[in-house]
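Trainee: Below, each chain spelled out in residue letters.
Number of protein chains: 2
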Amino acid sequence: MKKAVFYHAGCPVCVSAEQEMLNLITDKVEVEVVHLGEVKSRLPEAENAGVKSVPALVLDNGHVLHINYGAGIADLK
Amino acid sequence: MKKAVFYHAGCPVCVSAEQEMLNLITDKVEVEVVHLGEVKSRLPEAENAGVKSVPALVLDNGHVLHINYGAGIADLK
Numbered sequence: 443m444k445k446a447v448f449y450h451a452g453c454p455v456c457v458s459a460e461q462e463m464l465n466l467i468t469d470k471v472e473v474e475v476v477h478l479g480e481v482k483s484r485l486p487e488a489e490n491a492g493v494k495s496v497p498a499l500v501l502d503n504g505h506v507l508h509i510n511y512g513a514g515i516a517d518l519k
Numbered sequence: 443m444k445k446a447v448f449y450h451a452g453c454p455v456c457v458s459a460e461q462e463m464l465n466l467i468t469d470k471v472e473v474e475v476v477h478l479g480e481v482k483s484r485l486p487e488a489e490n491a492g493v494k495s496v497p498a499l500v501l502d503n504g505h506v507l508h509i510n511y512g513a514g515i516a517d518l519k
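Protein sequences, first through last, are from chains Y and H. Quick note: the first sequence uses the working numbering, first residue 443, plus one each step. Quick note: the second sequence uses the working numbering, first residue 443, plus one each step.
Hints are computed from structural coordinates only; laboratory data are not their basis.
Because identical chains share one entry, a pair is satisfied inside a single copy or across any pair of copies.
Distance condition first, Cα-Cα at most 25 angstroms in a straight line; then the derived DMTMM-like pairs of lysine to aspartate or glutamate:
1) 445 x 472
2) 445 x 462
3) 482 x 517
All chains, please: the whole structure from these sequences, using the hints.
Mentor: Spelled out as structure tokens, the structure:
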């Protein structure tokens, strides 16, 4: 099964994008949802994956999809 | 069946996002792909839907997901 990680920060833009994306994404992809505002220990992992802003979806092929714009990653530190 | 429209302009960011999104999106959603660089007559439709930049996915509930950033809509006119 393919995996993806959806990083967000609980902002309205994030919540809306999360709902839309989870509705769109096929059941064949397992999506882990990470709230970077609550789990700051995962900020380095997100940054290393190339996440510049939230919400963002990181795919298991290494590609990052930044979806709309809620907050910059620096604003979450 | 749900419908969505993926607007793009043939840019590398657009092509990459298109591939990723089409791979992710469930078969239950029919996605129309529109190349705004080639079909400029559909620019007003995209703008009215709220598309500010490409690539972008417009859902049939009216929400717009701007995915990464290839070009501003004004650059396509």
